[in-house]
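Listed below are the residues making up each chain.
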Amino acid sequence: MSNHDTLNGFSGPLAQAIEFIWREAELLDHKNYAEWATLWSDSGKYIVPIDPDTEDFEANLNYAYDDARMRDLRIERLTAGYSPSAVDAAKTIRTISRFRLVEAAGDIVEVNSAQLLYAYKRGVHTPFVADLNHRIRFTDGVPSLERKVVRLINSTDSLSALGFLL
Amino acid sequence: MSTHEYRLIASSKSPEDLVQYDRVDVSLYNDPALFEAELEKIFYRTWVWVAHESEVRNSGDFKTATIGRRPVIVVRDKKGNINVLENRCRHRGATVCEKHKGNATGFTCPYHSWSYGLDGKLRALPYPDGYEGILEKSELPLTSLRVESYAGMVFASYNDEIEPLEDFLGGAKHWMDLFMKQGAGFPIKTQGEHKFSFKGNWKIQLENTTDGYHFPIVHKSFMSSVDEETSEMLSFMTDEQAVTHSLGNGHSVMVMVPEHVDLDHDDGTEQLQERFAHVTEELSKTMEPAQVRRIVRSLHGAGFNLNLFPNVAMSMSFFRVLRPVSVTETEIRHVALGMDGGPEIANRERMRIHEHFQGPFGFGSPDDAEAWDRVQRGSYAGVDAPILVNRGLNREITAENGDKVSHATDEGGMRGAYDMWKRMMSQ
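Which chain is which? The protein sequence lines are A and B, in order. Going by this note's numbering, the first sequence opens with residue 1, and the numbers climb by one from there. Going by this note's numbering, the second sequence opens with residue 1001, and the numbers climb by one from there.
Everything labelled a hint here was simulated from the structure, so no lab data went into it. In this text, all values refer to a predicted model and were calculated from it rather than measured experimentally. You may find that some hints are simply not true.
To be verified - In silico lysine-lysine, BS3-like type, Cα no more than 27 Å apart, as pairs:
(1) K1079(B) - K1013(B)
(2) K91(A) - K1099(B)
(3) K31(A) - K1220(B)
(4) K1099(B) - K1063(B)
(5) K1220(B) - K91(A)
(6) K1199(B) - K121(A)
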């Protein structure tokens, strides 16, 4: 059964978005960052905020606030083999559900969801639990990521350092 | 025999045995009894950094902090004084505040509504008839610690007999003043923080801020992610002017960018970095060239890491604050800094620089954490092999002011910190 069959019953834009988000999740769990990079539009922003309430990410300190340039650098860091934390990165498995269509306007679909991610490294499982917000642009049916915001449930407390992407 | 007694007996070596000038015993990283003794003899006796003044700017502003394991509240009262109060109701001991920061008119215990003022005084309690003749409110304030500040840095101590903060800081004060010059004429303010924890002893982190030796190795991926000018700026491995001073009382400074030690000193020869061209251009619309240079040259912060024993470092453009959680766990905060009242574009650029290196998602901190995790895990092997802090002993000199000086990649700062550790643990 394909994802498409699974998503029978969801509205068109939401089903397309969910399919995209699941594909992205699998790429991240497989640490296939080269292909993950191709999901993005040039103006796309990958954001992991600290302040749970802010929408003005640029004016605040974040965990990550990556435009295309910083995303490329981050992928280079995770894959080049020089970063000890990336070379020995935790294995991850994530599930994403509780999808809600926020808006489908023009070619943009915005979706909220919940992500439960477990990282496993040296005998320790560490959960990273977050609200996700995806803004996906569909150009002639082809999706590209305009913005992804990962709001960790414990963003204002201390986190374990990580060598992978949320 | 209680667990506590057992632990104390288990650690039979004296501080003199554990710390020699060029090496330390590996049990400093993993002995629970030593950790308990460190809380009592170091964290509950000396000056511990709790806040920067900009975090509690106005009356009622507060933040919560922890000294050792003890929760405290740092709060500015109506008279403008900064108080550090134990976060513990005098009735049955519940914490009276569980927010990280905020503004309050007082603190009320959620259990029985005993309420305290910003100065810690017990103002009221409900149904007071049960206390008539047996309780005097004036005798039950939230317990206050001693508080003193220098250069906007607020320290507290549980030790009423402790020497004045300025005496404790000694030679570090000069470097604190230099550090604050990165405000480029504006006062320094905090602008957010990254918190992360690692499974290792607090002293592994204490060492790291004065460890120039690891930088090009652990941070190779960071260095390859920055522009050539920044990479060149941070290449101090063979720079003879990159030195470490052990300043006494466990404090030390490691100079990495000699030309940025005193940011007021600008001979005009330094090219402003191309990566900041958009900031330079924007500021130049309204500011004199000299002020633009001053701000842009300061974006990377001061050219050194100043380690203040035991829990705070003023590290280039941020504060690094450590909190010992257990013998094998430490929490670290990297506090971002900006210019209070300074241009927004420059303050935002400073936040982007901070995000690039610091925190659990940064390009630097996770690699540090990986190295520290390995140190902790390795400490359980080869218990007879000491931890070496002897690098640069062959070139360490004593300056006229008493500072011990060696290269920035040497371990003189660690030797100074462990000497202070030994002094305090021998009390």
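Here is how each hint holds up against the structure:
| no. | hint | verdict |
| --- | --- | --- |
| 1 | K1079(B) - K1013(B) | violated, 49 Å |
| 2 | K91(A) - K1099(B) | violated, 33 Å |
| 3 | K31(A) - K1220(B) | holds, 21 Å |
| 4 | K1099(B) - K1063(B) | holds, 8 Å |
| 5 | K1220(B) - K91(A) | holds, 23 Å |
| 6 | K1199(B) - K121(A) | holds, 12 Å |
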